[in-house]
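Student: Each chain, written out:
Number of protein chains: 2
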Amino acid sequence: MRCEIISVGTELLMGQITNTNARDIARELLPLGVGVYYQTVVGDNGPRLAAVFEQALKRAELIILTGGLGPTDDDLTCETVAEVLELPLEKSSIWEEKLKEFFSRFKRPMAEINMKQAMIPRGGTLLLNDRGTAPGIMLEHQGKIIILLPGPPREMLPMLKAQVIPLLREKLLEKGSLAVLRSKVLRVIGLGESVVAEMIRPLLEEQTNPTIAPLAKGWEVHLRLTAHGSSEEEVEELLASKAGEIKKVLGHYIYGEDEEELELAVARLLWQSGKTIALAESCSGGLLCHRLTNIPDSSRYMLAGLVTYSNEAKANILGIDPALIARVGAVSPEVAEAMASGVRRLCRADIGVGITGIAGPGGATPQKPVGLTYIALETDDFNICRRYEFWGSRLDVKERASQSALYMLYRYLIEK
Amino acid sequence: MRCEIISVGTELLMGQITNTNARDIARELLPLGVGVYYQTVVGDNGPRLAAVFEQALKRAELIILTGGLGPTDDDLTCETVAEVLELPLEKSSIWEEKLKEFFSRFKRPMAEINMKQAMIPRGGTLLLNDRGTAPGIMLEHQGKIIILLPGPPREMLPMLKAQVIPLLREKLLEKGSLAVLRSKVLRVIGLGESVVAEMIRPLLEEQTNPTIAPLAKGWEVHLRLTAHGSSEEEVEELLASKAGEIKKVLGHYIYGEDEEELELAVARLLWQSGKTIALAESCSGGLLCHRLTNIPDSSRYMLAGLVTYSNEAKANILGIDPALIARVGAVSPEVAEAMASGVRRLCRADIGVGITGIAGPGGATPQKPVGLTYIALETDDFNICRRYEFWGSRLDVKERASQSALYMLYRYLIEK
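So the protein sequences, as listed, match chains A and B. Just so it is clear: in the first sequence, position 355 is 355 by the numbering used here, and no numbers are missing. Just so it is clear: in the second sequence, position 31 is 31 by the numbering used here, and no numbers are missing.
The hints are simulated quantities; they were obtained by calculation from the structure and are not laboratory data. A few of these clues could be false.
Any copy will do: because identical chains look the same in the list, a pair fits if it lies in one copy or spans two.
Derived pair list, reagent style DMTMM-like, types lysine to aspartate or glutamate, alpha-carbon separation capped at 25 Å [unchecked claim]:
id, residue 1, residue 2
1, K217, D130
2, K217, E399
3, K217, E28
4, K217, D24
5, K217, D396
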């Protein structure tokens, strides 16, 4: 089944907001075997929206529109779709009640204009919205499925997952066209894209089902395997078997799958080992601590993350000798090591990490350029301190510093 | 001038990556008075790409394509565009040299396949790429301008800003169609969208030039003013005057303009007052410190940010009485206040901030639900502690906690 996603909104065309909806919808459709062939963005303009929608009716069997379901005059999606399909709009008494309830709950008067949101094209199925006043609508028309969803991701995404996907699965089963298609992403750290491609070249060359698509992403390489077949078991088996072959080659360079971030891989290794950790950050400004505490249950390993930004904080809190800082400078291997050691002692942690560097754009000297960063790791029986020269913006340097520290932790925990 | 942006890549259609390129291009085109009328995403498929490009030639005068310029077989953009326009591909000796240099610098052998990236359609202008092996290409064909840019944002964006925009400005001047259009965003904190709309209703109702578009974004409201005119001075004056009228109504609820984040507003107030700050975070996990250190030169106000995650760290580092924590619990106004006070004393800062809460999904009790958060601020002559109940994911709670703490700092620094 071919799908086209149409995102409606002048704010998208102007670049004021990012089209995350099209991405999220495509991701959710993939396991149903629905292929997205086109994504189109059009503004809040009736005739242009009508033309785009008419074209979609010609080249897709499933059309999902997001946005333009609000109460104001520039919200045109529902009327335009109804007009093109020549369907009258009828008041949904269910949604009329819902709107009244919504406004009374927030003790606000309901403007007449809001009642527009209770008008849906004849024959349409209402999709409920707990987080806003615009309902979703699903229509079947001359063998095509047309779905209208609200624009705000907070409203769209729960509706998509809880209502649209189950409904679509049912429809596809009815039509006998529920292909089984699954994707699995293998996440690789510590190797560049071309090296990965070289290492798994035979597998890339012989790929059929599953297909293997390498993609450089951030400072990682992701390998997306996509398999199709006649049953879930068959497809899962195809994916697992190919993933196994790739893992044999890449080993621990593969740290996780699908949406699993590097911080989760580190968290799992910390949980397994029962070790605790304490961080002393400077140039990364707390980003490493933020990432390591994004994992639910991180309190089982994270004791403290101290962003000792000033030299005084490095001295007073971590106990680093001010004379050392004066002699070698705050951005030095000695101070990175003293930070790792100091925070480990202070928190009685198994592992201490210290990061010091120049995030920029200011603060560089001829000897110490922007991006120069030292990262140290200390444990009872192992020490390491590495020097990096990152490039890019201030945020790039912070991100690369946190990523490199996570990679250092990952390698240590894997190898110890 | 009407523009269509075509993003090429199956990974976009599958939702594997987000289409930030279309957003960024639209943003950069706005000040030139170029309106983006359509954004289209199509996969790495020759016939479908050709059809989409042919359609764009019919409905736009400027067509910008991104992606599909790589060296491999599924990179089809350049060939397809050349085919539709019936232009032969010719080898660029400049780019051939550049490719050889690139590969010798990284001491890698150059595969024959890479030479494909030196082939450009006859008459095309080469756009240089310092960050990758794919050049950009600009073509003029029967009154249309066609621009091909590489897909990776790190390569695309610098090329767009440094080369494409100046070239386009020149072309538009030549054609006499350089309209002057400028946008300004006023960023509002502490008020909901409907309240803002109510407060500035007369201005919204009488809007013509500039137009005013309110948009709820994250936990803020953004007002986008867009003005057009015959000269830069005229347009800037229109924007400044309307912004002034809005500021008269909304006052300090407007904290910044355009890309200025709330942390920058706080940073400016800290710089003005000469005050220093120290943070003690728990549930927000360092996110507040990360945001406040994203500002260049943040070392002028930021002394330290201590993520005292464990109760031991709260006691040992901040000097909070363990008996207090045992009696009232770590998530309590008393502990938030003790954290603010403790970190302020430890770092000898002017302002201390303490954040404690339950980020979830675990850790809740019947009395203390996920999302419950206390934020305290302490100075020499002012104290405040507020209770919040945030909802959403773990990351939502962290983000709202850091946002609320920044808003508390903003209000304090504005009002003191």
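Student: So, for every hint listed, does it hold in this structure?
Tutor: Verification of the hints:
In this homomeric assembly, K217 and D130 come within 25 Å of each other (Cα to Cα) only across copies, at 19 Å, whereas the closest approach inside a single copy is 34 Å. In this assembly of identical chains, K217 and E399 lie within 25 Å of each other by CA distance both inside one copy and across copies; the values are 13 Å within and 24 Å between. In the homo-oligomer, the alpha carbons of K217 and E28 lie at most 25 Å apart both inside one protomer (20 Å) and across protomers (24 Å), since each shortest distance falls under that limit. For a Cα distance limit of 25 Å, the shortest separation of K217 from D24 qualifies both inside one copy, at 17 Å, and across copies, at 18 Å.
In the homo-oligomer, the alpha carbons of K217 and D396 lie at most 25 Å apart both inside one protomer (14 Å) and across protomers (24 Å), since each shortest distance falls under that limit.
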